[in-house]
Every structure is written in C-alpha cells, then in structure tokens.
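Chains E and U supply the protein sequences, listed in that same order. Residue numbering for the first sequence follows numbering that gives the first Met the number 0, beginning at 0 and increasing consecutively. Residue numbering for the second sequence follows numbering that gives the first Met the number 0, beginning at 0 and increasing consecutively.
Hints are not guaranteed to be accurate.
[Claimed, not checked] Ranges of calculated distance between the beta carbons of each label pair, as one might list FRET restraints: (1) E:Gly178 x U:Arg44: 19 to 25 Å; (2) U:Ala72 x E:Glu46: 45 to 51 Å; (3) U:Asp107 x E:Pro106: 46 to 52 Å; (4) U:Pro173 x E:Ala136: 56 to 62 Å; (5) E:Glu46 x U:Glu292: 54 to 60 Å; (6) U:Pro138 x E:Ala12: 43 to 49 Å; (7) U:Arg44 x E:Gln37: 36 to 42 Å; (8) E:Glu21 x U:Arg44: 16 to 22 Å; (9) U:Leu128 x E:Leu139: 25 to 31 Å; (10) U:Arg243 x E:Asp144: 32 to 38 Å; (11) E:Ala14 x U:Ala72: 40 to 46 Å.
Since the hints were derived computationally from the structure, they do not count as laboratory data. We treat Cβ as the ideally placed atom computed from N, Cα and C, and that holds for glycine.
In case you want the letters, here they are:
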Amino acid sequence: MSLRIELPCPRAALAALEAGDEVLLSGALYTMRDAGHQRALECLGREGELPFGLAGQALFYAGPTPPAAGRPLGSVGPTTASRMDFATPALMEAGIVACIGKGKRAPEVVRACQSTGSVYLAAVGGIAALLARHVTASELVAWEDLGTEALRRLTVEDLPAYVAIDAAGRDLYRAVEEGAL
Amino acid sequence: MHEPTAPARGATLSPESIGQAVYDAIRHCAVTLRPDYREALEEARTAADDDSPHGARAARVLGQIAENARIGAADQVPICQDTGTVWACLEAGPDMMVPGDAFRLVDDAVARAYRDGALRMSVVRDALLDRANTNTNAPAFCEVRLVPEPGARLHVLLKGGGSDNASRVVMLAPGAGPEGVIDVVLDCVREKAANACPPLVVGVGVGSTFDKVAGLAKHALLRPVGGQPQSAKAAFFEDALLERINALGIGPAALGGTPTALAVHVETAPCHIAALPVAVNLGCCAMRSATIELSGGAL
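Working from the sequences, and respecting the hints, build out all of it.
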C-alpha cells in the first residue's frame with residue numbers, strides 16, 4: 000500500500016516511514032541540483048541559515064525540461080543523488096526534512112537522516128514524462144542564471160517515490176545489495 | 000525517418016543533409032523509447048515473477064517505464080528530463096565522399112532541435128575552465144568512421160549524464176583473461192547501476208587502444224537489443240555475462256529483483272600484446288538512438 004504524504008510536513012510525520020515503503024507525495028518540492036547545492040552551502044555559511052525559506056522543506060534533485068503539452072514542465076525526474084552527498088548532512092542539519100533523488104548515498108547521509116530525523120526518497124529514473132503528469136505548478140524561486148539547475152518550487156500531486164533511507168537509518172539500496180550477494 | 004536510397008559512386012555528403020538528419024533524429028529520439036528496448040521490456044514484464052523477493056516492486060517499475068514510453072509518444076514530451084548530450088557518428092562507405100566541413104551545420108541543428116522540442120540544455124562551455132551553460136545544448140560530440148559497407152548513415156545517440164557517469168575504462172593485464180573482463184563489468188554494474196537507471200543495456204568494449212576502447216563500448220549500445228552479436232563466441236560471452244549481471248538482483252530502478260539488464264553487447268578488437276583494454280558504457284531505461292540512411296546530393 001502507498002502512504003500519502005503532504006509536504007511540507009514536520010519530521011514527526013516522517014518518523015513512521017520504513018525503507019521500502021512506497022509513498023505518494025503531494026504539496027511543495029524544491030528543485031536543487033549540483034550548482035544549487037554549492038550556492039545553498041555558501042548561503043548557509045554566510046547567513047547561518049538556509050535561504051528562501053527552505054528550512055522545513057523537501058528537495059527534489061531534478062533539472063526539468065521546459066513547459067510542454069500544456070503542463071508546467073514537459074518532463075521531470077530524479078538525478079543521481081550521490082553528487083549531493085557533500086552538502087546533504089549540512090542541509091539536513093539546517094532544516095531540510097526530505098530529499099528525493101536516485102541511487103545510493105554515502106554513510107554520512109545515512110547518519111544525517113538518523114541524527115536529524117530526515118528521510119531520503121528514491122524516485123524512479125527514466126520515467127520523467129510520467130512523473131511530470133504529477134506536477135501541477137512550477138514557480139521560479141531563485142538562481143535563474145543556472146537554467147535547468149535553478150531553484151524552483153513545484154507543486155505535486157501523488158508523485159510516486161520509495162523510502163530509500165528512513166529516519167532510523169535503514170537503507171533500501173544497501174538491503175537490495177546485500178541480499179544480492 | 001528518411002528512406003534509404005542507393006548513392007551513386009562518388010556521391011558527396013552535404014553538411015545540409017547531415018544537419019537535417021541530426022535535427023530529425025533529436026526530435027524523434029527525445030520523445031521515443033527505442034523500439035527494440037521497448038519490445039525487450041515487454042518480454043521482461045511477461046516473464047516477471049511478482050512473488051519473488053522485490054518482485055512486486057520490480058513489476059511496478061517495469062510497468063511505469065512502459066507507461067512512460069506511451070506518454071512520451073502520445074504527448075510528444077521527453078521520456079527523460081535529461082535529454083542528454085548529442086553523440087553522432089557518420090559512417091561512410093567506399094562509394095561516398097565526405098567533405099571536410101561535413102559537421103558544419105550540426106551544432107546549429109542541435110540548437111534548433113533543443114529549442115523547438117523544449118528539451119533540456121545540459122551542456123557547459125568547458126568541463127574545467129568555464130562551466131557556464133551554452134544554452135543551446137551544443138556542441139554535439141561527432142566522429143567519422145570509414146567502413147567497408149556502401150552508402151552512408153548517421154547514428155545519433157542522446158546520452159544521459161547519469162548512465163555515462165556510471166561507465167568506465169580499465170586497462171587490464173592480458174593475464175586477467177575473460178574472468179578479468181567479467182569482473183570489470185560486474186564491478187561496474189554492482190557499484191554504479193543504481194545511478195544509471197536499470198534495466199540496463201550494458202555496452203562492453205574489449206581491445207584496441209586506451210582511447211578507442213570506450214568508443215567500442217559506446218557503439219555496442221547502437222546494436223538493437225536482440226540483434227546479431229559479432230560472432231558465435233561473442234554471443235556465448237554475452238549470454239554468460241547477462242546471466243551473472245541479473246543474478247546480482249539489483250533490479251529495475253535498483254530497487255531489487257530482476258531484470259538488472261536486458262542485454263549485454265560486446266564489441267571486441269585486436270590490441271597490443273601487453274594490453275587488455277576494457278570499457279563499460281551503460282545504457283539506461285530511456286534508451287534513445289536512431290540510425291538515418293544518408294544519400295549524397297539527394298537530400
């Protein structure tokens with residue numbers, strides 16, 4: 000069964016999730032990729048807090064295509080999450096409650112999920128036309144010069160994803176890998 | 000796509016016809032899951048065992064990939080948000096003339112196709128010195144191959160960053176033998192498949208030189224899934240390797256189960272007595288490429 004999650008939500012609402020659960024996400028997601036993570040870290044270092052009201056929000060590691068077919072985005076899907084490992088623990092400590100990407104994470108990210116009560120969710124890569132059907136609005140927030148890597152606020156409805164690392168530090172990718180050998 | 004036409008001997012390929020072929024191929028590929036991949040995906044769905052560990056999740060992901068392909072075609076939207084870099088290979092036979100400016104209009108065609116198709120601009124000006132986006136998705140990465148077969152054709156591949164990043168070149172010692180080659184491929188898949196969007200098509204190059212072996216692996220991805228291997232020996236090696244990859248249990252989207260790969264394609268070549276170069280280029284579940292027959296002067 001799929002669990003519905005309304006975003007933004009307090010970490011307490013994520014505590015019951017277990018690695019392997021399928022979730023359907025509704026509400027706000029902020030797109031952020033490689034270049035955005037560097038800028039967010041710079042802001043955090045300079046100001047001592049996350050910019051643009053990101054504390055308490057969820058990040059989607061995604062660089063969408065432009066609007067198409069009458070939708071706010073033609074297609075959108077997760078990019079490789081491990082490229083954000085360098086910034087994720089600091090961003091979770093500063094208030095990010097969930098991030099959505101694809102692929103395995105570093106042990107530091109597992110520990111950050113545990114210590115902050117945050118979660119890492121995996122969306123399926125390569126189904127971006129399908130995922131875009133779950134996006135009802137897209138609004139530029141900042142960093143327009145980054146093009147597809149700009150910070151956008153998406154409104155989503157029942158976007159499908161899986162719990163890859165839960166707040167107890169259980170790791171779905173690791174479990175799959177260990178079962179495989 | 001263009002119909003093949005028999006070229007006259009000495010027919011000259013024009014930059015215009017190559018540019019047009021690039022434009023058409025990009026617009027088509029961005030919204031189209033390669034038909035041979037789609038067919039193999041359907042076979043995998045039929046064969047799927049929902050009751051195996053992770054089986055229900057694997058079946059659900061395979062269904063989503065098929066549904067995504069349907070939406071891409073119906074709505075003419077990109078099947079993946081990473082609409083890739085443009086990789087193009089012009090193959091020309093002995094009856095064709097290739098002018099030195101054959102690729103003159105390619106970057107312009109790329110810019111128009113990415114703008115007109117509302118595709119994603121994913122190219123920076125310089126990997127090291129200037130990572131500003133070119134905002135056109137140009138330049139394309141092009142090569143020419145002179146081949147014995149008559150006529151000329153253009154292969155166009157839209158390659159996503161995730162699956163290309165998950166690829167590698169390893170220079171083995173010849174003593175490592177076939178088991179060493181297998182280990183390189185299995186290590187690559189085990190470590191990187193989760194980033195490369197499985198079910199994969201695994202392109203493997205073995206032989207030639209350090210720079211050329213990666214090209215062998217990339218060309219291996221152009222062969223249709225289910226297409227003819229290089230030889231019976233190569234076919235045996237491919238089947239054995241596919242079985243071992245799928246025994247890893249990584250599964251669709253790396254969320255467990257099977258299949259992890261739909262095919263392994265191996266291209267081999269001669270090499271130095273001291274060498275055993277191996278390259279692995281992973282193809283993702285949004286496999287996008289097309290081959291367009293060209294004719295000199297007719298386009």
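Outcome of the hint check:
1. E:Gly178 x U:Arg44: 19 to 25 Å: Given a distance of about 22 Å, which is inside 19 to 25 Å, the answer is holds.
2. U:Ala72 x E:Glu46: 45 to 51 Å: Since the Cβ atoms of Ala72 of chain U and Glu46 of chain E sit about 46 Å apart, the hinted range of 45 to 51 Å holds.
3. U:Asp107 x E:Pro106: 46 to 52 Å: 47 Å, holds
4. U:Pro173 x E:Ala136: 56 to 62 Å: Distance hint for Pro173 of chain U, Ala136 of chain E holds at roughly 59 Å.
5. E:Glu46 x U:Glu292: 54 to 60 Å: Given a distance of about 58 Å, which is inside 54 to 60 Å, the answer is holds.
6. U:Pro138 x E:Ala12: 43 to 49 Å: Given a distance of about 47 Å, which is inside 43 to 49 Å, the answer is holds.
7. U:Arg44 x E:Gln37: 36 to 42 Å: 41 Å, holds
8. E:Glu21 x U:Arg44: 16 to 22 Å: Cβ of Glu21 of chain E to Cβ of Arg44 of chain U: about 19 Å, so the range 16 to 22 Å holds.
9. U:Leu128 x E:Leu139: 25 to 31 Å: 28 Å, holds
10. U:Arg243 x E:Asp144: 32 to 38 Å: Roughly 46 Å apart at Cβ, these two residues miss the hinted range, so it is violated.
11. E:Ala14 x U:Ala72: 40 to 46 Å: Holds, at about 41 Å.
Of the hints listed earlier, the one the structure fails to meet is number 10.
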